[in-house]
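K.L.:
Chains as they are written, first to last, in the numbering used here: chain E, 1 to 500; chain V, 1 to 500.
Simulated pairs of lysine-lysine, DSS-like, Cα-Cα distance not exceeding 27 Å:
id, chain 1, residue 1, chain 2, residue 2
1, V, K378, V, K409
2, V, K248, V, K236
3, V, K37, E, K378
4, E, K166, V, K409
5, V, K247, V, K236
6, V, K101, V, K37
7, E, K132, E, K101
8, E, K248, E, K431
9, E, K37, V, K409
10, E, K409, V, K37
11, V, K166, E, K409
12, E, K431, E, K166
13, E, K37, V, K378
14, E, K409, E, K378
Just so you know, these hints were derived from the structure itself, not from any lab.
Protein chains: 2
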Amino acid sequence: MSEKSVDSEGTGIYEELRPLFFPRSVAVVGVSQDLWKPGSSMLRALQRFGFPGALYPVGGRGGELLGLQVRRSVGEIDDEIELAFLFVPATVLPAVVRECKQKGVRGIIAFTSGFSETGTEEGRALEAELVKEFDGSFRMIGPNCLGVYSPAGGVTQHPGEGYPRKSGEVAFIAQSGGLSEDFARSSPNFGFYASKVISYGNACDLNEADLLEYMEADPDTGLIGMYIEGPRDGRKLARILRRTAAKKPVVVWKGGLTPQGASAASSHTGSLAGSIEVWEAVLRQAGVVQVGGLEELLDTLAAFHFLPRHTDLRVGYVCAGGGTSVAASDASYRAGLTLPHMTAPVHDTIASLLPPVGASASNPVDVLAPFPSPTVLKGILEAMAGSGEVGAIVIDRIVMSTELRRLMKYADQTATEDEEWLSEVPITIQKDFGIPVVVVLREHLDPDGDVAVEGERIRLRRYYQEHDIAVYPTADRAFRALGHVVGYYRQVERRAGETA
Amino acid sequence: MSEKSVDSEGTGIYEELRPLFFPRSVAVVGVSQDLWKPGSSMLRALQRFGFPGALYPVGGRGGELLGLQVRRSVGEIDDEIELAFLFVPATVLPAVVRECKQKGVRGIIAFTSGFSETGTEEGRALEAELVKEFDGSFRMIGPNCLGVYSPAGGVTQHPGEGYPRKSGEVAFIAQSGGLSEDFARSSPNFGFYASKVISYGNACDLNEADLLEYMEADPDTGLIGMYIEGPRDGRKLARILRRTAAKKPVVVWKGGLTPQGASAASSHTGSLAGSIEVWEAVLRQAGVVQVGGLEELLDTLAAFHFLPRHTDLRVGYVCAGGGTSVAASDASYRAGLTLPHMTAPVHDTIASLLPPVGASASNPVDVLAPFPSPTVLKGILEAMAGSGEVGAIVIDRIVMSTELRRLMKYADQTATEDEEWLSEVPITIQKDFGIPVVVVLREHLDPDGDVAVEGERIRLRRYYQEHDIAVYPTADRAFRALGHVVGYYRQVERRAGETA
Chain E
1 MSEKSVDSEG
11 TGIYEELRPL
21 FFPRSVAVVG
31 VSQDLWKPGS
41 SMLRALQRFG
51 FPGALYPVGG
61 RGGELLGLQV
71 RRSVGEIDDE
81 IELAFLFVPA
91 TVLPAVVREC
101 KQKGVRGIIA
111 FTSGFSETGT
121 EEGRALEAEL
131 VKEFDGSFRM
141 IGPNCLGVYS
151 PAGGVTQHPG
161 EGYPRKSGEV
171 AFIAQSGGLS
181 EDFARSSPNF
191 GFYASKVISY
201 GNACDLNEAD
211 LLEYMEADPD
221 TGLIGMYIEG
231 PRDGRKLARI
241 LRRTAAKKPV
251 VVWKGGLTPQ
261 GASAASSHTG
271 SLAGSIEVWE
281 AVLRQAGVVQ
291 VGGLEELLDT
301 LAAFHFLPRH
311 TDLRVGYVCA
321 GGGTSVAASD
331 ASYRAGLTLP
341 HMTAPVHDTI
351 ASLLPPVGAS
361 ASNPVDVLAP
371 FPSPTVLKGI
381 LEAMAGSGEV
391 GAIVIDRIVM
401 STELRRLMKY
411 ADQTATEDEE
421 WLSEVPITIQ
431 KDFGIPVVVV
441 LREHLDPDGD
451 VAVEGERIRL
461 RRYYQEHDIA
471 VYPTADRAFR
481 ALGHVVGYYR
491 QVERRAGETA
Chain V
1 MSEKSVDSEG
11 TGIYEELRPL
21 FFPRSVAVVG
31 VSQDLWKPGS
41 SMLRALQRFG
51 FPGALYPVGG
61 RGGELLGLQV
71 RRSVGEIDDE
81 IELAFLFVPA
91 TVLPAVVREC
101 KQKGVRGIIA
111 FTSGFSETGT
121 EEGRALEAEL
131 VKEFDGSFRM
141 IGPNCLGVYS
151 PAGGVTQHPG
161 EGYPRKSGEV
171 AFIAQSGGLS
181 EDFARSSPNF
191 GFYASKVISY
201 GNACDLNEAD
211 LLEYMEADPD
221 TGLIGMYIEG
231 PRDGRKLARI
241 LRRTAAKKPV
251 VVWKGGLTPQ
261 GASAASSHTG
271 SLAGSIEVWE
281 AVLRQAGVVQ
291 VGGLEELLDT
301 LAAFHFLPRH
311 TDLRVGYVCA
321 GGGTSVAASD
331 ASYRAGLTLP
341 HMTAPVHDTI
351 ASLLPPVGAS
361 ASNPVDVLAP
371 FPSPTVLKGI
381 LEAMAGSGEV
391 GAIVIDRIVM
401 STELRRLMKY
411 ADQTATEDEE
421 WLSEVPITIQ
431 KDFGIPVVVV
441 LREHLDPDGD
451 VAVEGERIRL
461 RRYYQEHDIA
471 VYPTADRAFR
481 ALGHVVGYYR
491 QVERRAGETA
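Here chain E stands alone, though its shape is the one from the complex (with noise of 0.2 Å):
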C-alpha cells in the first residue's frame, strides 16, 4: 500500500512493520474452550513458545482459558493492544477488523481463509469488504495464512509451539504456510536460524515486495529467502528484489513455473504465476539466486550462511574412490565450478601421503578407502589448502568419527591408533588456513537403518555446523550451493565494477 518507504530505503516500513514482530501486547480473537480449534491452539502455542508480553484471549463466551481471562470483544480489554490474531469466519473478519482499528491495534494477522482464494464471488465480495478497511491506521498480514513466526519477539506461527526459539540472520518469505512451516522446523538441521519467517497468503495488504523492503532495512537479517506464487505487484517486487539483492543475498524459488503449476497455483491464492520465460529474465536480472525447490533453497541459504563472501570457483575435492571422484567431476562442473589439477609440487606431497597404488594425488583426491588416518587426511587437507590453487574444500565419503567407523563396522579395516583427533581436521584447517571446507556425510549408509547410526551422523553434522563448516548429504547437493553463492558474489562485484 505505502510507497513513501521505497524513498527512505525500507526505514518507514522497518517501523510501521515492528508491532508484527516484535509486539508489546497480542490479543487472541476467536477463542473457545476447545483446545483443538486454532483460536486456542494458538493462544496456547504463543504461552508455550514464550511469548513475553500481555496476552488477551477474545471470544464470545467470555469465561476464562489457560489462566486468563477470555474477553468477549477487543473493546473490553483495558490495554493497548499492538498486534491481533484473528481467527474468526471469514463472513465476520472485516467487521472484527473495523473493531481492532477502533481500538488502535497496529498490526494484524489475519488467518481465516474463505476470501479470492475460494474462487467464488462470496469470497470476492468479502475480501473487497475487507480492503474497504485499510486507511494506513495498521497493517496486516493475510488473511488466509499461517502468520508470522519472529523468535527474537518471542512470537510464532499457527501451528508454531515446536518451532525453534533460537533467533537467526535467516528471513523466509512465502506465500504458502506450509512450506513456511517446514522451512522453519528444518532449517536448523541445516546448520542456520531464522530471524524471521512470514507466510503472506493473499496479501491483501501487506505483500511480498512489502515484506521484501522490511527484510532489506533489518538489521538482524543477513540473508532472504523467498518462495513466490504469485506476486499482487510485480514491478513494485522487481524493483525491491534488484535494490536487496545487491546488499544481502536474496534466494528465490517460484513456484507455479510449469502449466499445472500455474493452474494450481492460481486455486491456491487465485494469483496468477506468470510465464518461466518472463520470470527466469526478471530474476535475472534482478541478481537473485534462483531455485527450484525447498531442499535447493535450504540447501543455497546454509551455503550463503557459511560461507565467506566467495568468488572462487576453484574446488579441491577429497574422498575415497574413483567412481566418486568421477561423480564429483560431473557434478561440480554442472554447478559452474572446478576441479583443477594441482601443481606438482602439491601433487608430489599429496602423493607421499598416500598408498603407492590405487590412490590418487590428484585433484578429486582419492585416499583410497574411507577410513584414512587423521595424519594423513591432515597432510592432504593442508598441501591444498595451502596451496593457493583452490578457493575452497569438499571432503566426501570420508568416515569422519571413530564412533561412526566403529556403528558402521568399518573399525576392523584400519588400525585405530590416533583416531580421536579425526574429526577435528577439517575445523583445524578451515581456522588455519582461512579456506571454506564442506563436508558431505552420507545418509542411509547402514544397512539396518541402525538408528544410532543416524544418530552418530546428525550429531557429528550438528557438530560441524556449530564450528561454522557447512554439511550436505551429497556432494551434488554441496556443489549445486557452493555454486550458487559463487555465482551471487561474482555477479555482485561484476555489477559493482559496472557501476564505478
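Dock chain V against the given chain E, drawing on the hints supplied.
P.N.:
Positioned in the frame of chain E, the structure of chain V alone reads:
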C-alpha cells in the same frame, strides 16, 4: 571374450560365471598375520559374512590365520578351488594367475591396483602380461576393483562385512568400487535388496557387457542398475543393453559426461568416457532409463521394485498445504506426469470430507493441516482410488503415525480419537483397490534434530516398505522415480506394438 553366449541368449555365460557368485570353495591369496591388510581382512569378512563353502588362505609365510591353515601357494591346496580372491602386488599378479590356471581355478577376482589405470608404461605392460594368461579356462573380474557381493552365495566385497545378508531382485554393475559399496549398504533403506553387486574395475576380462548378459539370464535378478564410465566394448554393450531392457528394466548412470568428469574418468580407469550426445542417443535407443546420480539411481530402482508394470501418467496427490500442492504440480509435470482434475462426483465426495474453507478437494487434494483423521484420509483415498481417474496415489506432508505426531509436538493440534490406525490407511487402500500408493515421509522436520523423530521416521519407512509401499523423502524424488517407471513401460509397450 566369449561371444558365443550372445547366440545362446546368455545361458552360456550364466553357467560360466556361476563360480564367481556361488563358489563351492574360495582361496584368499595374499594374506599375512596383519589383520588390517586387505587379504586378511577379506578372509575375516568372508568368515563373518557367513561364506558357506571351504575357505583357504594363501600367504608366503604359511602358519595359521583366523583358525585356518595358511598355504604357501594355491598349488599346495589339496581341494578343488572354484574362486580365487587375489590380493597380491601387481608385479606378481600375472604369475599368481598362472598358478591359479594350473590349479584349475574357474573364477578369479583381482583386487590389486597398479595396472593400465595408473597411466604408466609399467602399469600398461603389467596389464598386457596379465591379459596374455586369458585362455578361456577361467573368467576374471578386475583388477583394480572391490569384487563381487552375492548374498545368496555367501560372497561379499572388500570390505563387505557389514553388507546385508538378505538377497533381493536388484543387480548393480559398476566399474567403481566405492559406488558399489554405497549401493549395497544403502539399498535396504530404499526398500529393496541386491541379488548381485559387482565392481569390475579395469575389466581386463569380464566387462560391463558380459556382466549385463549374466544378469539378463539370471532368474534371481528382476531389475538392473549400472554405473558406467568408459565401456571396453561399446557396440556389444549397446546391443546387450537393448536386448536386456526389452525384458527387465535397466537403469543406467553414465559418469564422465561433462568434460571435467571425462578427464577424471580417464585417470580413474584409463577409459574414454565418450560424448554426452552419443551416449544419450545410445541409451535412448537401447530403451534403458537414464539417471544422473546415485540417489536418482536408487530412487528409480525402488520405484521399479515397488510398482507394478505401470503405464498410467495420471497421479492423485494428497497433501497438506497450498504451496506444497503447487510445488508438486510443477514437479509432476517436470517428471512427465499429470495431476488431472477429478470429475464432479469424486470432487464432491472428497469435498464433503474436508473443512468448508482452506482445504482443496481438487487434485492436488489439500487436507489443510498435516494431521487429518484416519477416517477423512481413508475416505479421500477411497474416492480417488475407486474413481478410475488416476493410476497411482502419492501422499505427502501428512504425519503418518501417532508416535511421530507426538514426537513432532503436533499432538495438541488435533483430537486424538481413533488415530492409531492412521498409518494403516495407505496399506489398506493399495491392497483393496490394487492401485499403487507412494508415501512421502519428509526428513529433518524436527528443529532439535531429535534422534527419536528420525528413528520413528525410519521405523515407519521400513514398515511401509515391508508392506510393499514405496517411500521417498520428497515429492520431487517420488515423482521423478514414478516418471521413469511410467516412461520405461510405455516405451516397452510402444516397441512391442511396432514389432507386432
